[in-house]
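Participant: Sequence:
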Amino acid sequence: MGAATVGRERCSSDRLAGWNERLLTDYLDLVADESGDDIAIVHHWYRDGARLTLTFADLRARVGRIAAGLTRLGIERGDVVSVQLPNWWHLIAVHLACLRIGAVTNPLMPIFRERELSFMLRLAESKVVIIPKLFRDTDHEELIQRVRPSLPALRHVVVVGGKGPNSFEQVLLGGAAEALPLFAERRPSPDDVVQLLYTSGTTGEPKGVQHTTRTLMSNVLPSIDRLGLTKSDPIFCPTPLAHQLGFIIGVIAPIVLGSPAVLQDVWNPQVAPERIRENRVTFATGATPFLADLVEECTRNGGAGPLTGFLSAGAPIPRALVKRAREDAGFRVLSAYGMTENILVSATRPDDHEQKVYETDGYPTVGLQLRVVDEQGHELPSGTAGRLMTRGTSTFVGYLKRPELYNVDEDGWFETGDLARLDQDGYVTITGRLKDVVIRGGENIPVVEIENVLYRHPGVRQVAIVAMKDARLGERPCAFVVLKPGCSLAFTELRDFLKESGVARSYWPERLEIVETMPMTATGKIQKFVLRDMADRLSST
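In the numbering used here, the protein residues as written are 366 to 906.
Just so you know, these hints were derived from the structure itself, not from any lab. Hints should not be assumed to be uniformly reliable.
What follows is a list of derived Cβ distance ranges for each label pair [what the hints assert, rightly or not]:
{"no.": "1", "residue 1": "Ala541", "residue 2": "Glu724", "range": "39 to 45 Å"}
{"no.": "2", "residue 1": "Ala518", "residue 2": "Pro746", "range": "47 to 53 Å"}
{"no.": "3", "residue 1": "Asp403", "residue 2": "Thr796", "range": "42 to 48 Å"}
{"no.": "4", "residue 1": "Ile879", "residue 2": "Lys596", "range": "53 to 59 Å"}
{"no.": "5", "residue 1": "His718", "residue 2": "Glu490", "range": "34 to 40 Å"}
{"no.": "6", "residue 1": "Gly748", "residue 2": "Asn772", "range": "46 to 52 Å"}
{"no.": "7", "residue 1": "Glu858", "residue 2": "Glu386", "range": "53 to 59 Å"}
{"no.": "8", "residue 1": "Asn772", "residue 2": "Tyr820", "range": "23 to 29 Å"}
{"no.": "9", "residue 1": "Arg837", "residue 2": "Leu538", "range": "38 to 44 Å"}
{"no.": "10", "residue 1": "Arg691", "residue 2": "Glu490", "range": "47 to 53 Å"}
Result set (SDA-like, lysine to any residue): computed pairs, CA atoms no more than 25 Å apart in a straight line [said to hold, decoys possible]:
{"no.": "11", "residue 1": "Lys834", "residue 2": "Glu775"}
{"no.": "12", "residue 1": "Lys834", "residue 2": "Arg870"}
{"no.": "13", "residue 1": "Lys834", "residue 2": "Lys766"}
{"no.": "14", "residue 1": "Lys498", "residue 2": "Met474"}
{"no.": "15", "residue 1": "Lys893", "residue 2": "Lys766"}
{"no.": "16", "residue 1": "Lys498", "residue 2": "Thr418"}
{"no.": "17", "residue 1": "Lys498", "residue 2": "Lys766"}
{"no.": "18", "residue 1": "Lys528", "residue 2": "Thr418"}
{"no.": "19", "residue 1": "Lys498", "residue 2": "Glu479"}
{"no.": "20", "residue 1": "Lys834", "residue 2": "Gly851"}
{"no.": "21", "residue 1": "Lys864", "residue 2": "Leu488"}
{"no.": "22", "residue 1": "Lys766", "residue 2": "Lys528"}
{"no.": "23", "residue 1": "Lys498", "residue 2": "Ser866"}
{"no.": "24", "residue 1": "Lys849", "residue 2": "Ile804"}
{"no.": "25", "residue 1": "Lys498", "residue 2": "Gly527"}
{"no.": "26", "residue 1": "Lys596", "residue 2": "Gly695"}
{"no.": "27", "residue 1": "Lys721", "residue 2": "Gln741"}
Please read these numbers as outputs of a predicted model, since none were measured by experiment. Beta carbons are placed, not taken as given, at the ideal position from N, Cα and C, and that holds for glycine.
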């Protein structure tokens, strides 16, 4: 193979070829009309073990009431509705309701705290935010009230499980049913923005990635075919629905297929096999730690029952784990690479040799091309690592209010910020990152943001956060700090400072190394590759 450019298959995806510009609500209506009594969502609450089952007819009815309720709150076409919920049925229903009235869904991770929420909600000018009352010992209603003075556009806080007049149950489920003329009038086009999802980068603040029905569906439909999914495949999605992978596999794909989405709000590997068996789950997805935990638990307890496939992304998959999943747990692993901007960029096929699973991150999704280039933009031959670029139908349409950051060239190529190589068969392997992030268990940690917070500590002169290898989570953040003269900093003090600064706990460094000086380039930049080598040595001790 010559220059390393692959992909953009002629529309081998029958679903994509026959899409006909349907919205996700059109798929909901089709399955509700034809198979309304079929199960749409099985929702498991970890806290009390409760279980809720919704049919597609149930779901459509609730979506109609939620959509009408949002219009009563003053939501207009193009307005942003932010949803900070765990993997609960409400998130799926709210996204469908927003589609009914032409609003934009903005899923937010439940781990976000004051600092992240104040920035994200202010940038989006969200008119409504939907939150849980309590989740994992956090009072989210109290949390949002602390940041509300900085959010002039925010009109309503709707609380799932709330007791007052702002409860989800009263505000969005307690009113009149759907109003069909209104929904027809508000119906978005396939090119209207319908999803706003924040991603971390090197700019020191999150970026709001905007997707349309066209960009989402042009990725989801061929991905369904790539993964071999059918209506007979209940999908278990422990990965957060507020991540792009969770959103397309846990929210969109089950409705397109007319298959059940099985939700678990808190990952617990001890109960996951039970959820899989009782709901006859055949397919699941999550980052490598989810996979490792599931294989371990299933190996100890007699396999994974009906589960046949697990899509894993976000970190390399150890060869031994792929083998154990097949031989001991009884299911096949598929590896994948994706990003918020381009969704599922690549994935292996169910019939691929296992070597492709643990040595690559898959083959480009139908509708996408990949190429690897050097620093001057020249294409590199297969097998040579360089900068990875993508082009295709699922490329996002821009960063909210940051058009200058839309790094898509005149030929449509997007700079991913990742380093990769393409093998002679066209499979991609991610080899490193240009982006300054740490990926902990599939979760991007925006190190520039956290560094900026730590620079405000009175004892910190310099700080750099890098990835430290970890067998289970892939990477953990390690902070290297140069102190000001006469100052000291304990690890517990560093974490307390981040807590007081309102930083999400999962973003906190998990190791602190005090150094006398930072390794620097001739131009005065910190050489993070040197620190990463130091962190790798620390992780092995």
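Participant: Hint by hint, which ones does the structure fall short of?
Facilitator: Result: hints 1, 5, 6, 11, 13, 15, 17, 20, 22, 24, 27 break, sorted rising.
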